[in-house]
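**Q** Okay, here's what each chain looks like letter by letter:
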Amino acid sequence: MKTAKLEVLSNKQVSDRYWHMVVDASELQAEVKPGQFFNIRCGDEYIPLLRRPFSIYQINKHDQTLEFLYLVKGKGTQRLSLVERGESLDIFGPIGRGFKLQTGHGTILLLARGVGIATLAALAQEAAKRGIRSVAILSARSKNDLLAAEVLQGFGAGVYKVTDEEGNSDVSSVTMLMEKIMQEYEIEAAYTCGSKRLSKLLQNLTAQKQIYAEIALEENMGCAMGVCFACVCEIHDTEGSPRTVRICKEGPVFALEQVVLT
Amino acid sequence: MSKIVDELLNLQVKIGSLTLHNPVMPASGAFGEDMDNLIDFNQLAAVVPKSITKHPRKGNLTPRVCEVSAGMINSIGIQSKGIDYYLSKTIPYYTRFDVPLISSISAYSIDEFAEMAEIIGKVDSVAALELNISCPNLKGNGDAFGMNPEATRKVLLRVLEVTDKPVIAKLTPNVTNIQEIALAAEQGGADGLNVANTILAMAIDIHTRKPKIGNIMGGLSGPAVKPIIVRMIYQVRQVTKLPIIGCGGVMNGEDAIEMMLAGASAVQVGTASFIKPTAMMDILQEIKDYMIKYGINNINDLIGKIETVNAD
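If you read the protein sequences in the order shown, they are chains P and L. Once you know that position 91 of the first sequence is 91 in the numbering used here, the rest is easy, because the numbers rise by one and skip nothing. Numbers given in the numbering used here equal positions in the second sequence, counted from 1, plus 1000.
Hints were generated in silico from the structure; no laboratory data involved. Be aware that one or more of the hints could be misleading.
Unchecked claim - With a straight-line Cα cutoff of 25 Å, these simulated DMTMM-like cross-link-like pairs (lysine to aspartate or glutamate) come out:
#, chain 1, residue 1, chain 2, residue 2
1, L, 1276, P, 164
2, L, 1058, P, 219
3, P, 5, L, 1164
4, L, 1276, P, 234
5, L, 1276, P, 250
6, P, 249, L, 1115
Given the structure is predicted, the values throughout are model-derived calculations rather than measurements.
Please work from the sequences and hints to get the whole structure.
**A** Right under this line is the structure:
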């Protein structure tokens, strides 16, 4: 965990609301793991002021590059979208605990809503490297917001798309889809990000079927260093007692069964 | 050449009987053990861990932080592990560093402040106490002890009955007349004043029509508040000779110098560390650069040295 100035190799709009950025990570000494994130200064000005946390979309060790997929939502991401190729970006990281990927010969299920796929794509990439098959359910508002399907397919992942626009992204439809996937594949572990509604669904289903599952949580962050206690969530520890933990420090990835989803 | 000059600079300042080897320290709540691998704590004026409460506190609802123009609003709600943890873990951790440990205390009542000050004040490795009589988040409407001169005076009087350690009162800026509160703290026996805590604020998401933080209101910090804090330091300097620690929106060396010219003997850095984890080190270097530029050997020659034209 440290600050570094990394050169932006590209920063392009990929749909109405989403952007894709590649940075040169050759200066970065630390190993980067799927599920971890960077806290990025979107500009040098005081507006926007705070850094913004971005999960890692793809880790390209051979090319020594890192990729980020981000939703342009507020002032920070709007400013970031203006950063051009060749400019340097002040990044702080890698931060947090990543995903645990410990499976035998089975398949992993990825359940993502919106930009939640950014962090799960890095996991699919790592899974592919280890010869682990992925199946992904991508949920979004509209077809235009469906992200990363081709990238995931490039990693050999099976991809199912659901959207609000098509009316098949509601909990009951996704439940049926998941049941179908679970009949078809031997799902050994499941991972989710981007929707509390879908995360609750996955929490129930994986508990019933006794499948190990993890969630990458998102929250407004202050310091991302573990000192300000802004980005907290409630978890049940191994003894079952509720405990408040920091997403930047103890997370952002947690065992899904432990997380209190409200 | 500049390195030799740098070493000859006198950066030592005093807060009551407490001697600091430079004027740059962290603000409570924006500093913790996790920063140890990013900056050398021994280079700081002091270490100031997050405010401690007597009993463990869960803190407020999320979101606990949101951004506004040139600032942030936080409503952490003093998430705390309680005094027992503080005594057994936090204080021993910080004793490994060669700089004073200032313990920030938050409490619900005057008696509780005194009780905690007595316990923590007995710990040899604690150099001073900072009374957080100003956190705007603890009660629903953002009220705090430090909003009332009489309550401020009484807290100080009671605490100073039970400890010989230097006591710094962290004032709230959420008052009509900061001078009145500063004087009350002085009358209560404070050794120094922290000017100030965060400013009660609020932000609304116009799309969802919901408050941007879970607690609805919170404390504003960052560059947006600095002119207000500089004004308050200046006002407090007019009525008391107590040493002042300026706190609020210090982002760089220039901001720190500005607060010192207004009357602060030292500064605390909070939000800046979130944006640049090494900010305190940079601020210290920028203060040195300023001193070299203007031929100032002793930093005390800057404190309160604003030049104003006499209106008479």
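**Q** Confirm or reject each hint.
**A** Here is how each hint holds up against the structure:
1. Distance hint between residue 1276 of chain L and residue 164 of chain P is unfulfilled; the C-alpha atoms sit about 40 Å from each other, more than 25 Å.
2. Our distance criterion of 25 Å between C-alpha atoms is met by residue 1058 of chain L and residue 219 of chain P, whose separation comes to about 17 Å.
3. The straight-line distance between the Cα atoms of residue 5 of chain P and residue 1164 of chain L is roughly 47 Å, outside the 25 Å bound, and the hint therefore fails.
4. In summary, the hint linking residue 1276 of chain L to residue 234 of chain P is not supported, as the alpha carbons are separated by about 28 Å, beyond the 25 Å threshold.
5. Note on residue 1276 of chain L and residue 250 of chain P: the hinted pairing holds, with a Cα-Cα distance of about 21 Å set against a maximum of 25 Å.
6. Proximity of residue 249 of chain P to residue 1115 of chain L is assessed by CA-CA distance (about 32 Å); at most 25 Å being required, the pair is judged violated.
Comparing the model with each earlier hint shows violations of hints 1, 3, 4 and 6; every other hint is respected.
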